[in-house]
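Novice: The residues making up each chain are set out below.
There are 2 protein chains.
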Amino acid sequence: MFRLDAAFVRTSHPIAELRLCAVRLQDDARWPWLVLAPRLEGAREIEDLAPDDRARLMQEIVLAGAGVRAVGAVLGLAVDKLNVGLLGNVTPQLHAHVVGRRDGDPAWPGPAWGFGAPEPYRQPALARALAAAADALRG
Amino acid sequence: MFRLDAAFVRTSHPIAELRLCAVRLQDDARWPWLVLAPRLEGAREIEDLAPDDRARLMQEIVLAGAGVRAVGAVLGLAVDKLNVGLLGNVTPQLHAHVVGRRDGDPAWPGPAWGFGAPEPYRQPALARALAAAADALRG
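Going down the list, the sequences are from chains S and R. So for the first sequence, our numbering puts the first residue at 1; every next one is plus one. So for the second sequence, our numbering puts the first residue at 1001; every next one is plus one.
It is worth saying that the hints were derived from the structure and are not from the lab. Predicted model, so just to flag it, every value in this text is computed and none were measured. Among the hints, a few may not be true.
If you want the footprint, here are the derived chain R segments under chain S, 3+ residues with CB under 8 Å [what the hints assert, rightly or not]:
hint : segment
1    : 1050-1063
2    : 1128-1137
Partial list, computed: chain R residues near chain S (C-beta under 8 Å) [unchecked claim]:
hint : residue
3    : 1069
4    : 1106
5    : 1109
6    : 1111
Stretches of chain S that chain R covers, calculated by requiring three or more beta carbons in the stretch to come under 8 Å of a beta carbon on chain R [claimed, not checked]:
hint : segment
7    : 23-30
8    : 125-138
By construction, the Cβ of each residue, glycine as well, lies at the ideal position given by its N, Cα and C atoms.
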């Protein structure tokens, strides 16, 4: 049975359940940042997915890009470039990060993953970001 | 007309032309590391690709994972985890990095992208790595 790794529960907030992935908002208001986790027990690498699910993961990553832009609008942060990363060195359960980057952001042009300390959302920004992302994910 | 960005020409060696992507070996022997660039003029984000090409990019990323494992075998470096990244903050032409990571590698568990200074290949390791990767990409 699939269970989302506790690390994601701790560091992110649920937005939506797409056909393949649980989609969550990374609890770090420095960047508009979504995390997608395919609901497939034991998957660690993309190659662990069936070909159809690989294509679906890519489509859901693209959809998450729209969610990231919507969260960026809520935060008042420009999105000059989307960054997509599937790492899993710390939390091996297969997941994809989709992060909205801007020229001059705290880690620019380096990767955002693992950079500095997260800045958790406060209300009402969190509720607004979750609502905007959910809206964008409805496509 | 598609032209590979000069940054890739400078920092990597050609391995193969897949149906969508030019596949190259990153000239950094610290990690087995392949770079894929879809041969589509003007593409910067995954969303710029037609749905079929998005699925194909994902399949070619998976294939590149096999290439990375083959290069890891040549270098004598274990591949505990594949890392896939589409960033483009420095070189916006759409491209994907597929990097073989190992517990305890120089940047572990952080991202390899932008970490420290590359260690260019020497011969005969370069020729062996290119041949092994090309072989693995034939599937």
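Novice: Quick check on the hint: residue 1111 (chain R) CB to chain S CB, less than 8 Å?
Specialist: Holds - the Cβ of residue 1111 (chain R) comes within 8 Å of chain S, reaching about 4 Å at its closest.
Novice: Against chain S, does the segment 1128-1137 of chain R show at least 3 residues with beta-carbon separation below 8 Å?
Specialist: Our answer is that it is violated, as 0 residues pass the Cβ test (under 8 Å) against chain S, missing three.
Novice: Under 8 Å between beta-carbons, do enough residues of the segment 23-30 of chain S, three at least, approach chain R for the coverage claim to hold?
Specialist: violated (count 0)
Novice: Does the interface hint hold: is residue 1109 (chain R) within less than 8 Å of chain S, judged Cβ to Cβ?
Specialist: With a minimum Cβ separation of about 4 Å from chain S (threshold 8 Å), the hint on residue 1109 (chain R) holds.
Novice: Once the shortest beta carbon distance from residue 1106 (chain R) to chain S is found, is it less than 8 Å?
Specialist: violated, 13 Å
Novice: Under a C-beta cut-off of less than 8 Å, do 3 or more residues of the segment 1050-1063 of chain R approach chain S closely enough to confirm the stated coverage?
Specialist: holds (count 8)
Novice: Apply the coverage criterion to the segment 125-138 of chain S and chain R: a residue qualifies when its Cβ sits closer than 8 Å to a Cβ of the chain, and three qualifying residues are needed.
Specialist: With 0 residues closer than 8 Å to chain R, the segment 125-138 of chain S misses the three-residue bar; violated.
Novice: Quick check on residue 1069 (chain R) please, does its C-beta sit within 8 Å of some C-beta on chain S?
Specialist: At 10 Å from the nearest chain S Cβ, residue 1069 (chain R) fails the 8 Å test, so the hint is violated.
Violated hints, in rising order: 2, 3, 4, 7 and 8; the structure is consistent with all others.
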